[in-house]
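Colleague: What follows is the residue order along each chain.
There are 2 protein chains.
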Amino acid sequence: MPSIPKLYAFLRGEILPLDEAFLHVSDLSIQRGYGVFDFLKVQDGHPLFMNEYLARFYESARLMGLSVPVPDHTLKAAIHELILKNNLPLSGIKMILTGGYSANGYNPAAPNLIILQQPLSLPDQALVHKGIKIITHAYVRELAQAKTINYTMGIRLINEIKARGADDVLYHHEGIVTELPRCNFFIIKQDKTVATPGQDVLPGITRKHVLELAGSKYKTEEGTITLDDVFAAKEAFLTSTTKRILPVVQVDDMIIGDGKPGPVSLSLLADLISLEQAQLATGKK
Amino acid sequence: MPSIPKLYAFLRGEILPLDEAFLHVSDLSIQRGYGVFDFLKVQDGHPLFMNEYLARFYESARLMGLSVPVPDHTLKAAIHELILKNNLPLSGIKMILTGGYSANGYNPAAPNLIILQQPLSLPDQALVHKGIKIITHAYVRELAQAKTINYTMGIRLINEIKARGADDVLYHHEGIVTELPRCNFFIIKQDKTVATPGQDVLPGITRKHVLELAGSKYKTEEGTITLDDVFAAKEAFLTSTTKRILPVVQVDDMIIGDGKPGPVSLSLLADLISLEQAQLATGKK
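Chains as they are written, first to last, in numbering that gives the first Met the number 0: chain A, 0 to 284; chain B, 0 to 284.
Rather than coming from a laboratory, the hints here were simulated on the basis of the structure.
Be careful, since some hints might not be right.
For chains that are exact copies, the list does not tell them apart, and a pair is met inside one copy or across any two.
To be verified - Straight-line Cα separation of at most 20 Å, SDA-like style, residue types lysine to any residue; simulated pairs: (1) Lys207 <-> Glu80; (2) Lys233 <-> Leu53; (3) Lys259 <-> Ile134; (4) Lys75 <-> Ala137; (5) Lys93 <-> Asn106; (6) Lys5 <-> Ala102; (7) Lys132 <-> Arg163; (8) Lys161 <-> Ala108; (9) Lys218 <-> Asp228.
With the sequences and hints as input, model every part of the structure.
Modeller: In structure tokens form, the structure reads like this:
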């Protein structure tokens, strides 16, 4: 049996064993769910698209009135130190910035910065080739352009998703779709236009890459997509850092297209994997 | 200089010094802002209306799919032990229940229960007799009937409230008012009806007591209140456990009534204080 490696984390300025990484209960994440985070993928020791994830992390903090206590290069150095110490083949780096140790349990204080690294699995290939079923739920994430730690709705829906035999949930507001709790959403229209909701969504890094990749082959749109558009689509998929592109073949009781992952989705996934490989090759130089 | 008493807290089954009360960073409050809480007032060693607050705490947990790990009587025993150990003349007891130490940072695990006790100040009498100014903001708290730890919007608005010379913010949805981040809201109509929003609000314990007290003297209503109703009101006030009844004399740029705390608000405040005293007397028996 392989030994489980002891993992290290970064907490409030220092690298320490993950099992010693604790926050005092006065922290505003515990008191008021106040914080932001971001998550990037590390392959063979190389953090993929790190600058883009870090820029979004700083922007999320700014939108919440929080200040990341270290500059960009210090954050990168801490990430690289963790990567060396933890030595994982494939992993995710999660940065969390909380509202800090609040004296009155409401007003933000000096923010606490945490960096965690944990092993990661890529999406199951069988699932990619079968596609997933999702349900829909009326909800708009507040302050959608920031990656806040508030997942109250997504987590509450875990049981309903399971009970309905689905894999995830798509949010909409009065029939206009936005995003999934942890993923962006795309459809391929009958004319092969690659379209994704333009408002009330997290500016996903994978979403951005997919739009760029799709732009060289297809017409792309960031705009209003209704549930009717989804039901009428040729293909649909979700995007995320860990899931890359995952085909969606059923939304509520409606089968999308012919109920199988479509050629546009799968070709964009191949392009995305190539883009990651290219980044990886650049990073290794 | 008086010595600062060392405070104790309850954390995951044991009483320990507050400054040793830490949660591991895998806790779902830190990872995903997932948790509920409640807050009650303790005067002269007696927790006021404890059964009502505890019932709401268990109900909030249930609405979030979390299970309080101890029965009612164990929670009460822990609260009483803290009250004895901390020996504060006037204090607040805060119970927090988080989504627990999550293995994957998303799915709830065995919830972590925390009980904190801290000194409390009653509202400044000068403020009660002057009244406060509030601003308005379009927002509906998600899952309003539960006291979740999600205060993302309220905390983000702290700076705007201050910049506009106000004391707090009233949420509304398309002109229908609901509540403040930590308080319920009432108006006194021109015919002296005491009215409070009936939907999308936390079922406040003080709100309930004020409705009961008002019912013996005035007509009361729980229903739809628009911003126009607020601007046309004779009096307005907010309610909360710590603030009791605090008159509101200005909403955005509109002066309410004659711009001074009104007689109905102040008489209800006197009644509320009497109710607290009566509870206190009962508890001391």
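Colleague: So which of the earlier hints does this model not fit?
Modeller: Violated hints (numbers, rising): 1, 2 and 4; every other hint is consistent with the structure.
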